[in-house]
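S.K.: Sequence:
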Amino acid sequence: MTGAPWSTGAGRLPDGALAVAGVDVRDLVAEHGTPAYVLDEADFRMRARAYRTAFEAAFGAVGAGVDVYYAGKALLTVAVARWAREEGLRVDTASSGELAVALRAEVPGAEIGLHGNNKSDAEILRALDAGVGRIIVDSLVEIERVARLAGERGVVAPVMVRVTTGVHAGGHEYIATAHEDQKFGLSVNAADGAESPAMAALLEVLEHPELRLLGIHSHIGSQILDPDGFEAAARVVLRLRADLSERSGVLVDEVDLGGGYGIAYLPGDVALDPERVAKDIAQSVSGVCQELGTSLPRFSIEPGRAIVGPAGLTLYTVGTVKPVTVSADGGADFTRTYVSVDGGMSDNIRPALYGAAYHAEIVGRSSAAETVLARVVGKHCESGDIVVHEVQLPADVRAGDLLAVAATGAYGRSMASNYNMLPRPPVLAVSDGASRVLVRRETEDDLLGLDQG
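Counting from 1, one number per residue, gives the positions in the sequence shown under our numbering.
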């Protein structure tokens with residue numbers, strides 16, 4: 001066990017057990033139990049630095065500045081927000097709760113962005129009071145709302161307008177966010193010769209003295225492994241920027257190209273390389289601006305999954321092991337071994353929601369047994385409660401074994417629930433042979449404490 005999809009600090013000990021950043025997972029389980037999310041701090045920091053330095057170098061080479069925002073929706077804790085800032089990243093939030101975490105981590109308001117297609121007045125006011133560096137507006141209605149609230153506070157709100165470019169990318173229709181038939185952004189395409197919603201929104205912002213138009217924001221999807229989509233979307237956004245300048249005389253200073261950089265989830269997967277994608281995008285946007293006769297704006301990107309996803313794994317304890325005979329259409333019957341663990345869709349909803357693929361291994365011991373086709377499932381009352389759809393595990397897998405699922409740093413904890421009243425697992429950080437609790441395990445008392453009877 002070395003390399004993708006595991007963190008750089010993961011490796012097998014002589015007796016076959018797994019250690020992460022010098023910490024034996026058996027020791028983690030003895031102290032904290034399972035399920036548990038485990039974050040390799042050094043791996044997180046290394047990936048954060050890699051994106052920042054790659055983009056700063058590539059965009060600097062063409063004469064453009066760039067900011068890297070850590071997309072907090074992937075996983076946001078106070079410690080994670082601090083790590084991101086210490087590595088030179090800003091923090092992108094998408095709710096009042098995420099904003100609260102960033103502020104608790106003492107991230108300066110000017111280094112925070114606020115997203116969301118349906119921000120409440122309270123969320124907007126909190127962002128204004130915190131002095132966030134940018135509010136990404138998502139509709140014409142929201143432009144009016146932010147302007148009104150900024151006027152009430154006596155401040156000028158820095159805003160970007162989120163647009164949909166029509167460039168579709170991502171591994172599932174629910175995570176491809178640039179097509180028009182979805183809830184995010186304003187389309188750059190005009191219907192029947194009318195003005196596009198994106199252009200109308202940009203012009204509307206310029207009409208409000210309570211608003212300062214920073215620039216244009218786009219996001220084309222998630223888990224993207226080909227940089228061509230980013231380059232195509234950038235071309236559309238830069239054309240819109242030039243068109244706005246012709247219409248209004250205002251050439252906006254910033255363009256955000258979103259995130260969605262893909263990672264390795266399975267052995268053999270190849271993640272999107274930050275140096276390659278940075279160079280490709282930088283050269284592309286430089287060429288487009290030359291064609292348009294416009295200066296280069298300042299750019300920003302929002303990698304979240306690409307930084308925290310590979311840094312995390314989830315530890316489980318195996319319970320029931322059940323061989324099931326499966327009748328294959330047009331083929332011979334075969335046996336699939338169902339391996340049940342003590343968590344499931346409440347701590348990782350992505351396999352059920354998106355059909356996402358993950359890799360798992362037995363990590364508390366070595367085994368010389370032949371492998372069998374297995375499906376790792378959870379303990380919830382749903383037949384779709386699948387953690388890993390298909391994986392080869394040792395035939396002697398048994399109750400009490402420790403099992404780890406790789407690359408769960410992103411969206412496991414942040415999308416976790418209490419389905420079937422299961423308390424959410426802790427988030428543990430490991431570094432230099434030591435561990436610490438970032439977020440404690442929920443208890444039944446926590447769950448009952450919310451119930452007013």
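In case anyone wonders, no lab produced these hints; they're calculated from the structure.
Hints are not guaranteed to be accurate.
[Stated by the list, open to error] Here are the simulated BS3-like pairs of lysine-lysine, each with C-alpha atoms no more than 30 Å apart in a straight line:
{"#": "1", "residue 1": "Lys322", "residue 2": "Lys183"}
{"#": "2", "residue 1": "Lys379", "residue 2": "Lys73"}
{"#": "3", "residue 1": "Lys322", "residue 2": "Lys73"}
{"#": "4", "residue 1": "Lys379", "residue 2": "Lys322"}
[As the list claims (entries may be wrong)] If you anchor each label on the Cβ, the simulated ranges turn out as follows:
{"#": "5", "residue 1": "Glu144", "residue 2": "Cys381", "range": "52 to 58 Å"}
{"#": "6", "residue 1": "Pro267", "residue 2": "Cys381", "range": "58 to 64 Å"}
{"#": "7", "residue 1": "Gly65", "residue 2": "Phe334", "range": "55 to 61 Å"}
Note that the Cβ used here is the ideal one computed from N, Cα and C, for glycine as well.
S.K.: Against which earlier hints does the structure fall short, listed by number upward?
M.R.: 1, 3, 5, 6
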